[in-house]
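Please take these sequences and the hints and turn them into a complete structure.
Reminder that position 63 of the sequence shown reads as 63 in full-length UniProt numbering, one-by-one numbering, no gaps.
There may be inaccurate statements among the hints.
[Claimed, not checked] Distance ranges between label pairs, derived from CB positions:
id, residue 1, residue 2, range
1, E50, D96, 11 to 21 Å
2, D81, G35, 16 to 26 Å
3, T44, E19, 35 to 45 Å
Since the hints were made in silico from the structure, they are not lab data.
A quick note: this is a predicted structure, and the numbers were derived from the prediction, not measured.
Ideal Cβ placement from N, Cα and C applies to all residues, glycine included.
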Amino acid sequence: MCGAPDQDLDLSGVDLAKEAVIAGIVSRGDAPVAGAYVRLLDATGEFTAEVPTSATGQFRFFAAPGTWTLRTLVPQAAPVDRQVVVGEVGSVARVDVSVG
Numbered sequence: 001m002c003g004a005p006d007q008d009l010d011l012s013g014v015d016l017a018k019e020a021v022i023a024g025i026v027s028r029g030d031a032p033v034a035g036a037y038v039r040l041l042d043a044t045g046e047f048t049a050e051v052p053t054s055a056t057g058q059f060r061f062f063a064a065p066g067t068w069t070l071r072t073l074v075p076q077a078a079p080v081d082r083q084v085v086v087g088e089v090g091s092v093a094r095v096d097v098s099v100g
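If you want it as structure tokens, here you go:
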């Protein structure tokens with residue numbers, strides 16, 4: 001079992017006074033992709049964290065302010081990298097990823 005929190009976009013219960021959040025949905029066409037892996041890489045490209053997407057394709061990370069890369073890995077699709085800038089603590093960066 002993965003130690004990652006449930007992957008959804010519901011932020012109730014999250015103290016945004018202490019956290020910045022990166023969240024989104026992975027999809028292929030119009031369908032969400034369950035069980036994809038989304039990696040969080042720091043500004044130097046170093047691996048920081050990885051979570052599987054939920055049954056509805058959702059993912060979520062808690063991250064420090066700064067520039068990050070999301071690398072999405074889905075079977076039978078090329079990896080997709082998306083750069084995201086996380087603002088100050090309390091911000092939510094929404095990043096939806098479409099794979100081929």
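**Prompt:** Among the hints numbered above, which are violated by the structure, and what are their numbers in rising order?
**Reply:** 3
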